[in-house]
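Visitor: From first to last, the protein sequence lines stand for chains A and B.
If you count the first sequence from 1, position 107 lands on 107 in my numbering, and the numbers rise without skipping.
Take any residue in the second sequence, count from 1 to its spot, add 166: that is its number in my numbering.
Among the clues, some could well be false.
[To be verified] Distance windows between CB atoms, simulated:
no. : chain 1 : residue 1 : chain 2 : residue 2 : range
1   : B       : Pro-878   : A       : Gln-65    : 52 to 58 Å
2   : B       : Asp-1026  : A       : Gln-65    : 48 to 54 Å
3   : B       : Gln-524   : A       : Gln-65    : 40 to 46 Å
4   : B       : Val-230   : A       : Pro-166   : 29 to 35 Å
5   : B       : Gln-545   : A       : Gln-65    : 28 to 34 Å
6   : A       : Asp-146   : B       : Phe-671   : 54 to 60 Å
7   : B       : Arg-398   : A       : Ser-160   : 54 to 60 Å
8   : A       : Gln-107   : B       : Asp-566   : 29 to 35 Å
9   : A       : Met-111   : B       : Leu-235   : 54 to 60 Å
10  : A       : Ser-160   : B       : Gly-1031  : 38 to 44 Å
11  : A       : Gln-65    : B       : Thr-559   : 36 to 42 Å
12  : A       : Gln-107   : B       : Pro-796   : 53 to 59 Å
[What the hints assert, rightly or not] Partner residues aside, some chain B positions facing chain A, computed with beta carbon under 10 Å:
no. : residue
13  : Asp-577
14  : Gly-579
15  : Ser-585
16  : Val-607
17  : Thr-628
18  : Gly-698
19  : Ser-703
20  : Gln-728
21  : Ala-756
22  : Glu-774
23  : Asn-775
[What the hints assert, rightly or not] Looking from chain B toward chain A, a few residues come up when the C-beta cut is under 7 Å (computed):
no. : residue
24  : Ser-502
25  : Gln-583
26  : His-587
27  : Leu-622
28  : Gly-625
29  : Gly-627
30  : Ser-665
31  : Gly-667
32  : Gly-668
33  : Ala-693
34  : Tyr-726
35  : Gly-752
36  : Tyr-771
37  : Val-772
38  : Gly-776
Worth flagging that the hints you see were computed from the coordinates, not collected in a lab.
Fair warning: this is a prediction, and the values are worked out from it, not measured in the lab.
A virtual CB, placed ideally from N, CA and C, is assigned to each residue, including glycine.
Residues per chain, in single letters:
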Amino acid sequence: MLNARFLALLAAASISVAGCAEAMKPAPASSTVTPVYQGRHCGRSAATSQITWIQDRAQLDDVFQRMRRTTIGAKPAPRVDFERNGLVLIELGQRPTAGYQMRLASQRMVMDRGDGLITFSVDTPGGYAAQVITSPCLLVAVPRGDYKGVRALSTDNAISVQTAVP
Amino acid sequence: MIRLDNSFHCAFATALVLTVAACSSGGGGDGGGGGGDSTSTIASLRGVLTAPQSTDVDGDVNEVLAPLLPNQTFAAAQSLPNPVTVGGFLNRPFTGAPLGRSTTSGDERDLYRVTATLNQVVRLTIADEQIGAVTNDLELYLLDGSCTDADPDCATACAKNPGGTLVLESSTQNGNAAEQITVPASGTYFVEVCVAAGASNYLLTLGQSLSAAGGFDPGADFVPGEVIVRFRSDTETAAGGDRSIMAASVGLQAKAGGAGRTMLLDIGEGEQRRLAMQTLGITEQTLTRVARATGAGAADERDTLAVVEALRARPDVLHADPNYYRYPLAVPSDNSYPLQWHYPLINLPQAWDIETGQTNPVTVAVIDTGVLLNHPDLQGKLTNNGYDFIRFTSISNDGDGIDPDPDDPGDGGGNVQSSFHGTHVAGTVGARSNDGDAPSVAGVTWAGMIMPLRVLGVGGGTSYDIMQAVAYAAGQPNDAPGNPGQDQGAARADVINLSLGGGGFSASEEAAYLSARNDRDVIVVAAAGNDGTSNISYPAGYNGVVSVSALRLNKTLAPYSQFGSTVDVAAPGGDLSQDANGDGFGDGVASTSGAENGNGIDFIYVFENGTSMAAPHVAGVAALMRSVNPALTPSDFDGHLMNGALTEDLAPAGRDDNFGYGMIDAAKAVVAAGGVLPPSLAANPGSLNFGTVNSSATLDVQLFGNAALVAPVSASTNEGGAWLSLLPPAGGNTMPGVYQVLVDRSGLGEGVYSGTITLDSDANDISVPVIMQVSNAPVVGNSGHQFVLLLDAETLAPVAQVDLGPSNGQYAFEFSDVSPGDYVILSGSDNDSDLNICDAGESCGGYPDLDSLQTITVADSDLVGLDFLVSYDLVVGNQALAERIGREGFRRRDTAGKSVD
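Modelling step: build the complete structure from the supplied sequences, incorporating the hints.
Guide: Below is the structure:
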């Protein structure tokens, strides 16, 4: 689901991430990861986790198209400075209740054998949970650099997903 | 579960593992191995796939292993049975999967030859209409049966030479996943499907019109002599926008409307009507045929329908219809109500005709995450005695423990967005309804009140807090300071909705629910759970609690829904992975919600899916029943449910583990509670198809209110002859009941025959269309070239694959050298050759059926009889199933067949 809360945060992030790094400069040993959205309804219907590198407006529109299918009256995707930044969408996959949440474990993306490494944690339901199907995700902005891929790793090492950066 | 015996059940699920009886050994051939204990003996698995009789496959799909039977010319057109569903594929050159047969050359048209009857519908479903940003488009044409390849009048737009006079009908909408044509007269035709852009699987169906769309509903009343017409824009331009000129061009008179919109035309009387008929080419034979086909008795009605039919056949007319009378049906005016498919599905409009919750005050307690008290679509619908029962500040997210503020502060915690789940559930129970144009949705009960009780916070909630809320709602002692819920009389709730759940049976918890039910007469409804298994979720699994499973739009069990012995009833829970109704949104349940915006909360409307969404439909219906009859007890509710008085029974008949006693039917429920339905006549099914083999079927005729049949139920045939007959129930053919409908093919030549069963009552009339085929050659199904996959049951990784074509509608398969272990079997076609079977538009099946795949345990013996059906899913392929078991399960080997992806 991409709704007003998503759009507001996305718009804020598009401002805050601008100027995080010069375009295409070699990445430092670590760089700032800017949370854009942490939500429960991101539209993924498979149970498997997935990471997606979003490098341009067209790709963002595709993601937006998928997410907005659950919201009546959703607004169009905001503008993002893709010259300087890329977006990384990390999706946990479909879960059976509202008890699952993803959180960014560190606001730094460290370099790991040429790839950027982002770490996150996953909350799981403890007791009774709302019986609504969810698809939690994290959407973060990272400065462009010369890393060849991005990997997202859960803090318990249970989930590791990787994508190439064109 | 509403069973009330004293034997507390075992709270543990029984794994759905089918151990197939071992049979004699044997086998050999292609096989896999792996997925089990590789040190043990190996075995063979054998079975037979069956294609439904009315299925066929395009002769030149993209899959190179499938037989090639080109169908790109009229001379080579592929003959189809009737009715039929055909899976096919088309592509422009250099589009589609890279390894396909026609990827480079393109396969831009498929031609089929059919024999069809008046008002049958040809429907094209474009499976891949939108893939990301890429739009693929196919078009549909109906051409005269005399067409040849050399005849320029048979050229369609796909042949870059549109306008052939033998192109009788076309459906070429852009951006639509479905195209549809109504057969204008009985006869033999060519059906052409061609590609306008890109590449796509498709499903082509030829069947009966199941609604008035395209054809006529002879049972519907309309204004004799009036027709509603929309001319094509070029016609309007040519007439200078003058409605009189446009009307005169078809021999009619303009009464209302104008250019750029629909017009109301009059067919005139006397000489004027005669001239109109002449202008439109309507002959006496036409009128006779129309009268016979539609059952139109009066000349005015017959002439009107004949004019509509003639107008529909004209190239200058976009659409034409009778001017139907519409009668009031209680449909709310909320502007998002058209997106709430889940209400008509359970006959709520009919129920609202009787009861919208206004007769007696009823309160439904929504025990959940709390409710956004300021949501505009809940104003006036919330009681002022809601409560927050979350004790732990670590999860309450509002800085305190129990308090009388049930407002939902969110359950996200930190930067994570909140679900506002209780607001969504509350909106389904009873959002402000029928409140005009403002952004809004409708609720099940328009006048019933909602008591918001908060028990779920960050990470969920505890059974103790939930028990306090249940007691509060029931007016029993609880932990709220001063026990404000205790014995509050009218302040207590009549119905409790619990769209929550978890594992672990608790005797004390069950006792609390039973006490609320038995001691305080509260109907308790709960979500069955979303694990997609038979595991028991609580509180739905407790005695005395109505457990609700979730349905998709097509009344099948949602893939995530819990099932099993504790399920009592099913209701719409939605499936966001599909958009079967083409409204542009996933087929979830639309309701109220919220969105954090950094400075506060936006009040919004969203689609969600889950058994959480199904339960409030039932709770809302229970509230309507209690509004009709405040004395209705939970025992009464359960009794009606078990007697089938509240539900539409979904197959199999009687109670089953998927749907309990069936899908909740709001109209039946309010009647069961004492409401009186307006007089009406109903017949189910709405149409009958006997195919080439069947010779009998049943027709259930029902009368509601004080309606009565005013004429004998009768059967007639459109082509003449007496091949269709009826056996009425006891009491004769003027009585409601189950009629046997019989077909006698003796003496009939090959072809397609149609007829009508006519039912007239003093309330409304119904015509049930009947179709039947006579074929000297046996008609067998063909679900296309099959790839049968053996999957490891635990990892769902493919272990082995066989591929094969049909023989007399069946596919005998065998996996040899299979190691002991647990497996599941799937099969499907890959018409687009993308190496995934079971895509939308492709056939699919699983053992024993797709909706309840079972694990096959292989020990040390061969297994046989692993038979199942492979068919097309007319909704959206089997996308939902693919998502449920993981996409890997549908990946097949490439054509080299040496490795499994």
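Visitor: Take the hints in turn and mark each one as holding or not.
Guide: Right, here's what the structure says about each hint:
1. In this structure the hint that B/Pro-878 and A/Gln-65 lie 52 to 58 Å apart at CB holds, the actual value being about 56 Å.
2. For B/Asp-1026 and A/Gln-65, the Cβ-Cβ distance of about 52 Å falls inside the hinted range of 48 to 54 Å, so the restraint holds.
3. In this structure, B/Gln-524 and A/Gln-65 meet the distance hint of 40 to 46 Å, their C-beta atoms being roughly 41 Å apart.
4. Checking the proposed 29 to 35 Å range against B/Val-230 and A/Pro-166 shows it holds: the Cβ atoms sit about 31 Å from each other.
5. Between B/Gln-545 and A/Gln-65 the CB atoms are about 33 Å apart, so this pair conforms to the stated range of 28 to 34 Å.
6. Separated by about 57 Å at the C-beta atoms, A/Asp-146 and B/Phe-671 satisfy the suggested range of 54 to 60 Å.
7. Taken as a hint, the range 54 to 60 Å holds for the pair B/Arg-398 and A/Ser-160, whose Cβ atoms sit roughly 58 Å apart.
8. Between A/Gln-107 and B/Asp-566 the C-beta distance comes to about 31 Å, which sits within the given range of 29 to 35 Å.
9. At roughly 57 Å, the beta-carbon separation of A/Met-111 and B/Leu-235 lies within the given 54 to 60 Å, and the hint holds.
10. Separated by about 42 Å at the C-beta atoms, A/Ser-160 and B/Gly-1031 satisfy the suggested range of 38 to 44 Å.
11. Checking the proposed 36 to 42 Å range against A/Gln-65 and B/Thr-559 shows it holds: the Cβ atoms sit about 40 Å from each other.
12. For A/Gln-107 and B/Pro-796, the hinted distance range of 53 to 59 Å is satisfied, since their beta carbons lie about 58 Å from each other.
13. With a cut of 10 Å, the hint placing B/Asp-577 at the interface with chain A holds, because the nearest CB-to-CB distance is about 7 Å.
14. Interface hint at B/Gly-579: satisfied, since its Cβ lies 7 Å from the closest Cβ of chain A, which is below the 10 Å cut-off.
15. Here the hint on B/Ser-585 is kept, as its CB sits about 4 Å from the closest CB of chain A, short of 10 Å.
16. Taking 10 Å as the C-beta cut-off, the interface hint given for B/Val-607 holds, the closest approach to chain A being about 8 Å.
17. Because the beta carbon of B/Thr-628 sits about 5 Å from the nearest beta carbon in chain A, less than 10 Å, this interface hint is met.
18. Below 10 Å, beta-carbon pairs count as interface contacts, and B/Gly-698 has one with chain A at about 7 Å; its hint therefore holds.
19. Annotation: B/Ser-703 was flagged as interfacial toward chain A, and the flag holds, the nearest CB pair being 7 Å apart, inside 10 Å.
20. Because the beta carbon of B/Gln-728 sits about 9 Å from the nearest beta carbon in chain A, less than 10 Å, this interface hint is met.
21. Among the interface hints, the one on B/Ala-756 holds; its C-beta lies about 7 Å from the nearest C-beta in chain A, closer than the 10 Å criterion.
22. Below 10 Å, beta-carbon pairs count as interface contacts, and B/Glu-774 has one with chain A at about 5 Å; its hint therefore holds.
23. The beta carbon of B/Asn-775 comes within 5 Å of a beta carbon in chain A, closer than 10 Å, and the hint placing it at the interface holds.
24. Satisfaction of the interface hint for B/Ser-502 is found here, the shortest Cβ-Cβ separation to chain A being roughly 6 Å, below the 7 Å cut-off.
25. Nearest Cβ of chain A to the Cβ of B/Gln-583: about 4 Å, under the 7 Å cut. The hint holds.
26. Taking 7 Å as the C-beta cut-off, the interface hint given for B/His-587 holds, the closest approach to chain A being about 4 Å.
27. Contact between B/Leu-622 and chain A, as hinted, is supported at the beta carbon level, the nearest pair being about 6 Å apart and thus within 7 Å.
28. Taking 7 Å as the C-beta contact cut-off toward chain A, the hint placing B/Gly-625 at the interface holds, the least distance being around 5 Å.
29. Checking B/Gly-627 against chain A by beta carbon gives a least distance of about 5 Å; that is within 7 Å, so the hint holds.
30. Annotation: B/Ser-665 was flagged as interfacial toward chain A, and the flag holds, the nearest CB pair being 6 Å apart, inside 7 Å.
31. Interface hint status for B/Gly-667: upheld, as the beta-carbon distance to the closest one in chain A is roughly 5 Å, under 7 Å.
32. Proximity of B/Gly-668 to chain A holds as hinted, the smallest CB-CB distance being about 4 Å (cut-off 7 Å).
33. Hint status for B/Ala-693 relative to chain A: holds, with the closest Cβ pair at about 4 Å, below 7 Å.
34. With its C-beta approaching chain A no nearer than about 6 Å, B/Tyr-726 sits inside the 7 Å limit, and its interface hint holds.
35. Annotation: B/Gly-752 was flagged as interfacial toward chain A, and the flag holds, the nearest CB pair being 5 Å apart, inside 7 Å.
36. Restraint check, B/Tyr-771 versus chain A: the minimum CB separation of about 4 Å is within 7 Å; hint holds.
37. Against a cut-off of 7 Å between C-beta atoms, the interface hint on B/Val-772 holds, since the closest Cβ of chain A lies about 5 Å away.
38. Evaluation of the B/Gly-776 hint against chain A yields a held restraint, the C-beta minimum of about 4 Å falling below 7 Å.
Every hint, counting from the list given before, is met by this structure.
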